[in-house]
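One letter stands for each residue in the lines below.
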Amino acid sequence: MSMESVEREDLLLAVSRLKTRTGNEPAAPDLADFLKRSTADISDMLVILQERGEVIIADDGTVSLSSAGESAACVVMKKHKVLETFFEEMLGMDRAIAHQQACTLEHHASEETISRLDDFIGAKPSTCKLGRFIHDLHSCQTCGCQMLSECQEGDTVRITAVKGCGRAARLADLGLIPGVQVFIRRRLAKTFLVQVKECDIAISADIASSVLIERCR
Amino acid sequence: MKIGLIGNPNVGKSLIFTQLTGIGVEISNYPGTTVDLCSGTICHDRQVIDVVDLPGIYSLDGTGSEEELVRETVISGEYDVYAVVLDATHLERNLYLLLQLLEFGASVVVILNIIDEAERAGVKIDTDRFSQFIGAPVITTAASLGRNIDQIIPLARFHARKGEYAVQYDRHIEAAIRSLERLAGSTRAEALLALQGIGNDPVLMDAAQTIVPEIVEEHRMTAHQLIAGNRHHAATRLADAVITRDDPRMVTDPDRYLTNAFPGIPIMVTILSSMLLIVFMVGSYLEEIIVELFDLFIIIPIQNAGLNPLLYEVLFSLAIAIQAGIGIAFPFVFTFYILISLVEDSGYMTRIAFLADRVMHRFGLHGQAIIPMVLGLGCNVPAIMGIRQLGTRRERTIAAFLITMVPCSARTVIIAGIVAAYVGILAAFSIYFFVFILIIITGVILSRVTPGNQLGMVLELPPLRVPRMRQVMIRSWIHIREFLVIAMPLLMVSSVILGLLGFYGITDLFQNAIAPFMESILGLPGFASTALIFGILRKEMAFETLIVLAGTADLLSVMTKLQLYTFALISTLFVPCISTIAVLSREMGWKTALLISVYTLILGLSAGALLQLLM
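Chains as they are written, first to last, in numbering that gives the first Met the number 0: chain Y, 0 to 216; chain L, 0 to 614.
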């Protein structure tokens with residue numbers, strides 16, 4: 000049986016919280032009560048966690064966190080607190096509402112988005128892809144979106160998106176960011192000389208193909 | 000009091016610096032880095048003021064070594080005042096860095112440089128308004144005319160302010176900043192850096208890493224792009240508020256010619272080859288004079304002093320190392336670096352990078368890599384240190400291989416001294432041609448086999464400007480310093496080792512073992528092989544040794560033209576000198592250094608053998 004990471008994190012947190020609250024190690028029924036799940040589900044999940052070495056189930060059925068489980072719970076708790084603060088600040092919500100929101104979002108924040116973020120920022124350049132990002136822009140492609148590398152000398156274009164890998168940070172610092180208008184001064188083979196904010200910037204072909212543009216009329 | 004000059008590249012920062020400090024500029028590496036810093040001391044109203052010319056950067060948020068260095072100084076408050084040099088002709092883009100600096104709460108004065116060109120282009124900047132907006136003093140200068148430079152120091156001493164200009168960030172970023180301020184007690188500037196993945200505080204970085212995915216999810220942009228976008232937007236608004244434009248006068252644009260395939264590429268080839276020709280001629284002429292003087296005043300006295308043989312060997316080896324070093328350093332390396340600094344200072348080097356970009360892509364490199372390769376024509380050592388600027392390990396590996404093959408000044412000495420003198424000037428150039436072809440072939444092969452990935456080029460092409468002599472001299476000195484402090488000491492040590500090996504007869508043993516191979520495969524006389532082996536440790540020694548061992552300066556009487564040509568070709572190609580190997584292994588690891596040495600050894604020997612077969 001597999002187990003979602005959301006459930007795992009919830010369960011780890013529950014073990015830790017009940018221990019702090021009551022001072023005793025909780026048993027499966029206590030946890031089921033706390034998480035509003037069936038005792039059978041919880042028992043199954045606890046077995047998996049035990050196999051992973053994150054919880055220790057004693058002979059009397061009480062559950063405690065192993066040191067690995069404890070550090071995992073600690074990570075979840077920290078994340079929870081940060082997101083809570085962030086949403087509170089952003090939405091100006093009161094604490095209770097922010098708490099709820101953070102509860103449902105905290106788990107999704109990690110793996111899926113972080114792997115995409117890696118693609119995005121180019122933290123792992125070898126896996127640098129337009130990925131889902133280009134997917135989002137697919138509709139845009141059909142209505143005249145192009146890559147900078149497809150432009151001709153003398154074109155004036157507007158940047159719509161920059162693939163977030165490799166030299167994206169330098170491009171952004173030089174003012175090549177979405178929304179900015181760019182004039183193609185020179186195209187020599189596949190190397191571009193573009194004018195942005197009155198400065199001339201030379202850009203290689205590989206980088207020009209990571210910049211999406213739309214034509215200005 | 001310490002003043003740091005900060006600004007984008009090509010805003011005339013260094014020119015202002017030299018005008019402020021006059022003579023007595025000190026160029027040093029920033030501790031723990033390879034970034035060059037020029038510093039100078041001025042006395043103003045009996046107060047000692049240190050002025051430092053920080054490296055030109057576009058942003059304080061970058062991860063390049065220069066950006067990191069400048070950011071560190073800003074965070075640690077190393078300078079009392081930052082004199083922010085802005086290019087008045089490109090104010091909007093330049094404001095980006097100023098806004099960042101203001102966020103850090105640094106004390107600043109703003110110097111609007113190149114105001115003369117801005118005026119000519121019809122750009123008027125309302126400095127009073129500008130100053131009110133940012134809450135810090137602003138003056139206009141024209142460093143090329145020396146206008147208002149004398150007002151910089153008094154302004155920085157008495158009127159510098161912690162300016163303020165609130166950049167309105169996206170609401171997610173603002174919320175994130177407030178969260179981080181609350182959670183980790185960070186400042187606004189620290190929080191912004193943390194959101195872009197920069198910082199040391201683990202609590203802050205953890206919190207930022209948790210928030211960033213939320214922001215990215217919302218905007219489909221990296222946090223850096225979002226923050227940069229907001230800042231650029233603020234810069235545009237500020238620029239619009241202070242700039243008024245008249246109709247600009249039409250100016251001729253040299254880039255219309257320089258960046259086009261025609262006539263851009265012929266112009267580039269002409270410039271580079273005439274540079275080589277000048278170095279060739281001036282170098283050979285000066286070298287002769289220097290070597291003669293050395294012989295007369297140092298070498299001959301040592302030979303006649305009647306010293307103990309071991310001491311004599313050590314002293315003699317040291318003396319000829321210094322003689323060779325200086326004989327090459329000043330005539331060839333220095334001439335070359337002065338010329339190349341002219342090219343760099345004028346801004347033309349970036350045009351070369353632009354033109355070369357496509358060809359360099361064939362080698363798995365990009366346009367910027369041409370710069371260290373051209374520098375390699377002077378001395379490979381500084382050129383290899385220059386490859387740090389290239390983005391990835393793959394790019395650095397390929398560049399290291401190719402630079403090592405670029406014929407440096409010491410090899411120019413061999414080519415000039417042997418081939419040009421005894422065979423002919425065309426033959427001399429044909430060696431350059433062959434090496435050039437081999438570099439191309441090597442590059443193409445390496446781009447196929449080297450693992451890793453490449454980043455492309457993003458390079459600003461600054462407006463072309465007339466180079467300033469002082470700037471050129473400082474730049475030349477930066478280049479030649481690496482030759483003097485790294486290459487020269489190694490040359491001297493290896494010369495002594497070589498001398499001792501000869502003294503104890505080890506060289507002879509080696510020569511006897513290898514001579515039959517040299518004679519049968521390469522068709523070279525036995526003594527030439529010793530000269531070649533000397534060339535492993537010291538390139539330029541190959542020529543001298545050849546003359547010494549041949550027993551005559553009239554090489555044609557003992558070797559044929561083909562043999563001389565083969566000798567020069569092999570020593571040009573094979574095994575970099577000991578200093579280059581040392582720098583290679585420091586920069587790239589000993590494995591790469593070994594690989595390059597073996598590769599060039601095989602290349603040199605096969606080229607010689609092939610020549611022997613064909614002729």
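Hints listed in this document are in silico derivations from the structure and should not be mistaken for laboratory results. Ideal Cβ positions, reconstructed from N, Cα and C, are used throughout, including at glycine. Among these hints, one or two may not hold up.
What the hints assert, rightly or not - Derived Cβ-Cβ restraints for the label pairs, each shown as a range:
| hint | chain 1 | residue 1 | chain 2 | residue 2 | range |
| --- | --- | --- | --- | --- | --- |
| 1 | Y | Lys189 | L | Ile436 | 55 to 65 Å |
| 2 | L | Gly145 | Y | Glu152 | 34 to 44 Å |
| 3 | L | Asn199 | Y | Ser70 | 19 to 29 Å |
| 4 | Y | Glu152 | L | Gly588 | 40 to 50 Å |
| 5 | Y | Arg157 | L | Thr40 | 44 to 54 Å |
| 6 | L | Thr251 | Y | Lys189 | 22 to 32 Å |
| 7 | L | Asp205 | Y | Thr61 | 46 to 56 Å |
| 8 | L | Pro262 | Y | Lys189 | 13 to 23 Å |
Stated by the list, open to error - No more than 16 Å apart at the CA atoms, straight line, and that leaves these computed lysine to aspartate or glutamate pairs for EDC-like:
| hint | chain 1 | residue 1 | chain 2 | residue 2 |
| --- | --- | --- | --- | --- |
| 9 | Y | Lys77 | Y | Asp58 |
| 10 | Y | Lys77 | L | Asp205 |
| 11 | Y | Lys35 | Y | Asp59 |
| 12 | L | Lys123 | L | Asp205 |
| 13 | Y | Lys18 | Y | Glu50 |
| 14 | L | Lys161 | L | Asp239 |
| 15 | Y | Lys80 | L | Asp205 |
| 16 | Y | Lys80 | L | Glu180 |
| 17 | L | Lys1 | L | Asp79 |
Hints, verified against the model:
1. Lys189(Y) - Ile436(L): 55 to 65 Å: violated, 24 Å
2. Gly145(L) - Glu152(Y): 34 to 44 Å: holds, 39 Å
3. Asn199(L) - Ser70(Y): 19 to 29 Å: holds, 22 Å
4. Glu152(Y) - Gly588(L): 40 to 50 Å: holds, 43 Å
5. Arg157(Y) - Thr40(L): 44 to 54 Å: holds, 49 Å
6. Thr251(L) - Lys189(Y): 22 to 32 Å: For Lys189(Y) against Thr251(L), whose Cβ atoms are near 28 Å apart, the range 22 to 32 Å holds.
7. Asp205(L) - Thr61(Y): 46 to 56 Å: The hinted range 46 to 56 Å is violated for Asp205(L) and Thr61(Y), with Cβ atoms some 32 Å apart.
8. Pro262(L) - Lys189(Y): 13 to 23 Å: holds, 21 Å
9. Lys77(Y) - Asp58(Y): Since the Cα atoms of Lys77(Y) and Asp58(Y) sit roughly 31 Å apart, the hinted pair is violated (cutoff 16 Å).
10. Lys77(Y) - Asp205(L): Judged against 16 Å, a Cα distance of about 9 Å means the pair holds.
11. Lys35(Y) - Asp59(Y): violated, 22 Å
12. Lys123(L) - Asp205(L): violated, 46 Å
13. Lys18(Y) - Glu50(Y): At roughly 21 Å apart (the allowed maximum being 16 Å), Glu50(Y) and Lys18(Y) break the hint.
14. Lys161(L) - Asp239(L): violated, 23 Å
15. Lys80(Y) - Asp205(L): holds, 11 Å
16. Lys80(Y) - Glu180(L): Holds: Lys80(Y) and Glu180(L) sit about 14 Å apart, inside 16 Å.
17. Lys1(L) - Asp79(L): holds, 5 Å
The structure shown violates the earlier hints numbered 1, 7, 9, 11, 12, 13, 14.
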